[in-house]
Amino acid sequence: AVIHERGMMPRHATLALIVARPGPLRSSLQALMTTMPQIEILAETTDPSALLRMGAGIQPDIVLLDASLPEEQVWPALRHIKDEWCRTQSVVLVEDSQQQQRVQAAGADVVLLKGHPADKLVAAIKGLLSREEGEGATAD
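Just so we're on the same page, my numbering is the position in the sequence shown counted from 1, plus 117.
Hints should not be assumed to be uniformly reliable.
Stated by the list, open to error - DSBU-like cross-link-like pairs, simulated, lysine-lysine; straight-line CA separation at most 35 Å:
1. 237 / 199
2. 199 / 231
3. 231 / 243
4. 199 / 243
What the hints contain is simulated information worked out from the structure, not anything from laboratory work.
No experiment lies behind these values; they were computed from the predicted model shown.
My request is simple: use the sequences and hints to build the entire structure.
Laid out in structure tokens, this is it:
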């Protein structure tokens, strides 16, 4: 799949990457991201392995990943996020508790079962972003 990159983002924006099949989930994630003015969608893709091909210069702040994509692509992509993009936060949407346990063990920052209310996802994303801002702050 091809990554559909957006235009130039303001430097202060939080860059998001959506990794999900076209359809209701991806459309919902796109719509939800537009309600958060600090977030710009950097790219959207159906292919988790596309993360492996993105250059070091393109590093999203947050990746929203649908774990129901092919497992042979999801796990390497999640490992890449954790190993290569240390500052990138990952939010993974899963189908069931078994998948949730595996994704948590793989190191995802936030794991949510699909079907949770949108406000829970927004709260999780805002929590990650505020944690990231706190780490970037320096003490006086």
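Here is how each hint holds up against the structure:
Simply put, residue 237 and residue 199 have alpha-carbon atoms about 23 Å apart, close enough for the 35 Å limit, and the pair holds. A threshold of 35 Å between alpha carbons decides the hint, and for residue 199 with residue 231 the separation of about 22 Å falls inside it, so the pair holds. This hinted pair checks out: residue 231 and residue 243 have alpha carbons roughly 18 Å apart, not beyond 35 Å. This hinted pair checks out: residue 199 and residue 243 have alpha carbons roughly 19 Å apart, not beyond 35 Å.
In summary, this structure violates none of the numbered hints.
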